[in-house]
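J.: Residue numbers (numbering that gives the first Met the number 0), protein chains in the order written: chain U, 0 to 262; chain V, 0 to 302.
Derived from the structure by calculation, the hints contain no laboratory data.
Derived DEER-like restraints, expressed as beta-carbon distance ranges:
no.: 1; chain 1: V; residue 1: Val212; chain 2: U; residue 2: Asn29; range: 37 to 43 Å
no.: 2; chain 1: V; residue 1: Asn277; chain 2: U; residue 2: Thr67; range: 35 to 41 Å
no.: 3; chain 1: U; residue 1: Asp66; chain 2: V; residue 2: Val212; range: 24 to 30 Å
no.: 4; chain 1: U; residue 1: Asp54; chain 2: V; residue 2: Pro297; range: 27 to 33 Å
Even glycine gets a Cβ: it sits at the ideal position worked out from N, Cα and C.
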Amino acid sequence: MKSTITKQAEISDYTPLQLMVTAAAREIANKEIVFVGMRLPLLGFLLAKSTHAPDAIGVYELGIVRDTPAPGSILTMGDLPNLFCAQWLTDTADLMGLLQQGRVDVAFIGGAQVDRFGNLNTSYVGGTKKIKTRLPGSGGACDLASLAKRHIIIMTHEKRRFVPRVDYITSPGYGDGQGWRERVGLPRGGPCMVITNLGILRSDPGTREMVLTSIHPGVTVEEIVANTGWRLCMAPKITRTPIPDDTELAMLRRFDPQGYWTS
Amino acid sequence: MPASKLFTMFEAISRFVQNGSAVALGTAQETLIPFAAGHELIRQRKRDLTLIGTISDILFDQLIGGGCVRKVQAAWVGNVITGSSYNFRRAIENGNTEIEDHSNLTMSMSLRAAAMGVPFMPARTALGSDLFKSNARLKTITCPFTGDTLTAVAAIRPDVTIIHTQRADEQGNAHMWGNMGITREACLAGEYVIIIAEEIVPTDTIRSDPNRVVIPGFRVCAVVHAPWGGHPSPVPGCYNRDHQSFIDYRTASRTPESFADWKAFWIDNVKDRVDYLNRVGKNRMDRLKIKHHLRSAPADFGC
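Sequences and hints are given; from them, build the entire structure.
T.: Shown next, in the form of structure tokens:
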């Protein structure tokens, strides 16, 4: 009996960032080609790869393709363990070609500002005319959002970040709704979900609006609504986000031993 | 045998980079960043440069803070493990520096267009995005064959491309390995190409593996020998990334005053690369050195 209680306590001992990474990792199916973004997605891919998706392929915009997890901990995709025994080291353009051909199943990106149709801004808060804050820019994010079969957005849930309309579209989502991507000429794809520190929003197949589908443990619907800058629609059935299990937590601690990304 | 193109860092930078030059650098994006060359640009007070890159390392931020930059053509300017870079933010927010917003794919195609000798390359990225508002080099076109809407990306021809590599001979035939980023197209597009090498080796070493040549010597104007010239970025086969330098730089670049102190210590008052490495310190360099070597099997190029 006592050991069960101890085990329970260990299991629930996770950080919000570990929950976000786990939720992201669970979206990767085995054998999928994954375009891995900067920061948290680096861990999400490693976690998926070492649990339920051992045959997933990781594509990194610097010109790296991996079919095994990096042998040592990495803070960024250019760390040498991420190049060690890679499947392929090549030009960025080759991997952009994979994207353009439609050979990338899923991509992960972070953002500073997102809107109800999943458009993402990582360039200018305040827009280009009256710049309030200059952010780093697209990197490969615009390309992933334009060309992957689907992409997943990971970001902090705050009212100033979840806005009705982004100030600048760095990475296209569903524009102003259903049919927009086809109209502007994007060949496929779109944001399928937003994973935040409070819950999960998914794109409604009819309206293309991001709707609340899952709430993390300890969070209320009211809290999520209060932190969203548009009138958030609810999915017919809202679930509770499953917490990381102990295998997942052990893997996360292995890949991020200092807690640089997940503490 | 053609004449040696070996120069000191001072000579190579002063001879081939002018005020107002468009310079591509940091083309492997996180690895092999030519920090030693960038610091020399700052020390020589080059002005009105245009910087060209995709995911640029903090070297872009240092050059902006050093007052060298009029315009940035890039996809991402920041610190990959800490986020924003502050000199870049200040310069754009104050309107002191101009930016042309790219994605990794559009920049890669801009350089490839120049490398291929054509005015533009077509792509399928960025349609519907606002990159078209802050980058006059992007236009939508209709494909003459399929009728599809495409993004036309205009060519960018750097005046100078500076790359860091593991080894080169004195004629500029350079071996580079690791992830390539946009290095090949940046070299082929560049009017002048400067190679910074960890090691200068006999020509026979380079000729033993021609597939590993990133750019042939006839397209190179200068070769500079600079061991540890990529520090604090990682150089495959030589040393790992010095994470603490990137974290320290984030703090140091927060205000113009603290950046000035950082610049004085790490750039202005540095006599040469030996002096720089003394400041890094032997213990730190030992920690960063490659510990677990993995040499590739030789390929037979015989006939």
